[in-house]
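**Student:** What follows is each chain in one-letter form.
Number of protein chains: 2
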Amino acid sequence: MITRLSSLFLRTLREDPADAEVPSHKLLVRAGYIRRAAPGVYSWLPLGLRTLRKIEDVVREEMNAIGGQELLFPALLPREPYERTNRWTEYGDHLFRLKDRKDNDMLLGPTHEEMFTQTVKDLYSSYKDFPVTLYQIQTKYRDEERPRAGILRGREFVMKDSYSFDMSDAGLDESYAAHRRAYQAIFDRLGVSYAICQATSGAMGGSASEEFLAVSENGEDTFVRATDGSYAANVEAVVTQPGVEKPIEGQPEAVEYDTPDAETIATLVEWARGEGLDVTAADTLKCVVVKVTAPGEEPELLGVLVPGDREVDMKRLAASLEPSEVAMAEDADFRKNPFLVRGYVGPRGLAANGVRVLADPRVVPGTAWITGADAPNRHVVGLVAGRDFEVDGYIEAAKIREGDPAPEGQGTLTLERGIEIGHIFQLGRKYTEAFDVQILDESGKRSVPTMGSYGIGVSRLMAVLAEQRHDDKGLNWPVEVAPYQVHVVVANKDAAAMEAGERLAGELDDAGIEVLFDDRPKVSPGVKFKDAELLGMPFAVVLGRSFADGIVELRVRGGETLEIPADEAVAKVQELVRG
Amino acid sequence: MITRLSSLFLRTLREDPADAEVPSHKLLVRAGYIRRAAPGVYSWLPLGLRTLRKIEDVVREEMNAIGGQELLFPALLPREPYERTNRWTEYGDHLFRLKDRKDNDMLLGPTHEEMFTQTVKDLYSSYKDFPVTLYQIQTKYRDEERPRAGILRGREFVMKDSYSFDMSDAGLDESYAAHRRAYQAIFDRLGVSYAICQATSGAMGGSASEEFLAVSENGEDTFVRATDGSYAANVEAVVTQPGVEKPIEGQPEAVEYDTPDAETIATLVEWARGEGLDVTAADTLKCVVVKVTAPGEEPELLGVLVPGDREVDMKRLAASLEPSEVAMAEDADFRKNPFLVRGYVGPRGLAANGVRVLADPRVVPGTAWITGADAPNRHVVGLVAGRDFEVDGYIEAAKIREGDPAPEGQGTLTLERGIEIGHIFQLGRKYTEAFDVQILDESGKRSVPTMGSYGIGVSRLMAVLAEQRHDDKGLNWPVEVAPYQVHVVVANKDAAAMEAGERLAGELDDAGIEVLFDDRPKVSPGVKFKDAELLGMPFAVVLGRSFADGIVELRVRGGETLEIPADEAVAKVQELVRG
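Chains as they are written, first to last, in my numbering: chain A, 1 to 579; chain B, 1 to 579.
I should point out that these hints are in silico values taken from the structure, not numbers from a laboratory.
Predicted, not measured: the structure shown is a model, and the values here were computed from it.
Treat the hints with care, since some could be wrong.
As the list makes no split between identical chains, a pair holds if one copy fits it or if it spans any two.
[What the hints assert, rightly or not] Here are the simulated SDA-like cross-link-like pairs (lysine to any residue), alpha carbons at most 25 Å apart as the crow flies: (1) Lys-246 to Met-314; (2) Lys-99 to Glu-83; (3) Lys-54 to Gly-444; (4) Lys-473 to Tyr-91; (5) Lys-26 to Ser-524.
Model the full assembly from the supplied sequences, consistent with the hints where possible.
**Tutor:** Pasting the structure below:
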């Protein structure tokens, strides 16, 4: 069936919507793909819905290809299963909660681990039923604090979530590897530029964990890649190369100095240079005091040591300390603990007062530092780790910088921005244990299956494609998910041209090509061309000035324009669409 | 791709679920199509999801065929548009309401008139854009008081809702007719047995209104059909044949009697017969006192007169009085109004005390009645309408009975039960006026478009098909929406039979047939047959005892079994699937 612009429910806009900041948001609204219904909640207009469904189909095909079985859970869920895993509470403000007319607590599902696990428990009981991989493509709800960027981060959004259930860890490795391959196939088919980043597994527990990040300067996530291309990780997961240990013997003794007005690293380095020391910020040691709260415990102080040329990256620190929560120590904490002298905190004072101290991996035994002497206006020079102070362990907390060495000698790191489009990880037995899933194994013993958890942001992918593939004129869809494969534009006022356009659209349609036909009789060629570029079908056939000579233009969106005989147009479009 | 029962995520149940009353609910759960997540909220397991999607596709194809354009609105909606139409309040307890983290009121959409209207207003401004028909196939939410019967009446359910927007009433008639045809095509393709019933347009306003009711003894709706087949209506819409007017002159005067212990129609008739009167309950007049509350007004008493052999049908009465609400008068009302003498209320007392009186259409001028005399233990005989009392109008309130005359001489009425599967009606300008949709017409004047509103219960249709097409062994899907078209059962323990089954399943798959393959090695033929009947694929090929002789069984679900040469199976199945 040919879709005609004369009747398509569409109104393109010349102006960017006022609330839009990133190109995908501006263009998807201007081109009439989506429309805002509430903050972070969007309607899918006809063109947008077609592309969304096509993305879903690509995901579905590749999930089926690895043996995934599709089902569909409700969005409206009862509280009990989420109470059982404590997520009813843990989700905090991110969860949409409501009550039904009988005052039962319900929620809008932000993710469905509980439902998958409970259903497998109910249906399966023997090892013969395993492994099994289940998935759904479903509308999810999260009450984001700052919904932004249109469908890049919505409060109602479409996600593919899948779970593998295996009887053994080796089985989980296989299921994980199958998903990794399926995700690569999906993102490759969609033509997304992405990196597979090592990730921390976070509060979910589990072991292997990787994120698929679409490369985009408007991404909210920062990740690193090694210059030789062999390593990528999100910043939380980057492992710092440890410093080189040095012999302690023969190093000069630590000496304390009066250092008035040297409360910052910069002023401290200035003072040291004034004393004739050949040092930089990297030779100073920053002692950052934070408060860590383990689940169900009281907050506890923690000292974090990083070289003075580095900031503490709170996201990295938080990831390292999960599931505990972390916050900077406040004035009140300093007042309560007089041994904490602001600007002059050192590792010795922390240790002497029973505060746990964790250090950046560069702070290895034998390294000497200029740092606080735990008294106002006093610093110490030549304080040697392993001689003058000990640490309770090491921690990934320092900010990653462009040019830092990659963890395993793969060159140096570059910093990039990305948008999370997929996440695969080995979840383990957290949920199967919570729901007491007991399966009889081959020897007749009860065994708890292990799970993998895998997600793809389906509606977000549409924004990612718009983000990565637009130009200043509009969108540019890959053939696989374009709402229509070809856009036929009659840009010639002759009745003969309109008739020929009708005929061509019909022939393309007969050939199995999806056709968007700009048959608007009173719209100027200029407006039609602008709309065609804005809407972003991969190919356009234009019946324009040279139509009288039997020539049509075949325009590749964002690429070349060919002039070809009108009667070759169908064959040529078929060739291009097949790729 | 062949689906194998050895790995399909499915567990059939031999026992009916405890909460299930109707066959579709029992069978869909037992056959592993759906699974309860909360009251009125169901998960779709793999088989169920396949059938649901196929039903959606049938609906989609027929909607596209009449030029409908598909889009998709969110389920999570802001309060404002629903406030504007007052439905935020009017929906009462049926609406799922919630608050987001910023304390904004939101709701889960029970229906989307507001969103469609607002979107058309935003995108369209000229008559040239009209007519337009938009639809979505979307998950809706209604907090039913008594969710029942599985997916027959859920709280989360899938609906197709569409709206037509026309510049003229004639255009609306055309859009309405197109939808009517599309609905017939959809239900015919699905093989549903249904009646198109005249319906009241109810609170929505508007004129033409028809319901598509699937015939089912487990239906919640009662409808009537004329014996000649030319008329069907839901009971609320049935028009009563008026009584025959009689001359008043010459009729005896009304006489009051002491009628102790005759407070009911039965005892009154008994008393009258004791007095030598040749009467039945149909000669008495029941005066029912109700309270009617118009929107925003105080409740007001109303007298409803019906022949004594009829009950007042509160659903019919409510439909007649919409948008006012109606309830029976209570003891307190009788106490407050001493002229209401329980058991002896008559039309004269009501009128004398300013109570509005509406009568059944049989109570025409000249008809004489035995009725209450407005005093304890007193009745009046021979009270003639139009002489001894007047009514303020007529009303459809009396219960319809099997055998009642059809409204326009199409024989008599039969009463049947049905399940509402579709509703089409001419909504008019209620929403376009509420949202002030102003469209420039051909003469450059502003004009408000008129709307049609059309719904199909998509997930409910799956239950309806199960309800209408099951037998005591299980389900029986039409080819068009069966999860798989053919079920291949290996019921022979020879390795050769399993190999042949594999080969046959592969050949059927190659021929484009959707195959469910029971390849379970250790399951008995009896269990496999039971499962095949329970699951209800339209055709099964069984490799059983006669397989050694090159013969397979081709079983038509609910029909005949053919023995055919194994090498003809593919061709024969193809023939059957094509129909």
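**Student:** Now tell me if each hint is right for this structure.
**Tutor:** Do the hints match the structure? See the list:
1. Taking identical chains as interchangeable, the C-alpha atoms of Lys-246 and Met-314 are never at most 25 Å apart, the minima being 29 Å within one chain and 93 Å between chains.
2. Taking identical chains as interchangeable, the C-alpha atoms of Lys-99 and Glu-83 lie at most 25 Å apart whether they share a chain (15 Å) or sit on different chains (20 Å).
3. For the identical chains of this complex, Lys-54 and Gly-444 are neighbours neither inside a copy (45 Å) nor across copies (41 Å), given an alpha-carbon limit of 25 Å.
4. For a Cα distance limit of 25 Å, the shortest separation of Lys-473 from Tyr-91 qualifies neither inside one copy, at 41 Å, nor across copies, at 45 Å.
5. In this assembly of identical chains, the alpha carbons of Lys-26 and Ser-524 lie at most 25 Å apart only when taken from the same copy (24 Å versus 61 Å across copies).
Consistency with the previously given hints fails for numbers 1, 3, 4, ordered from lowest to highest.
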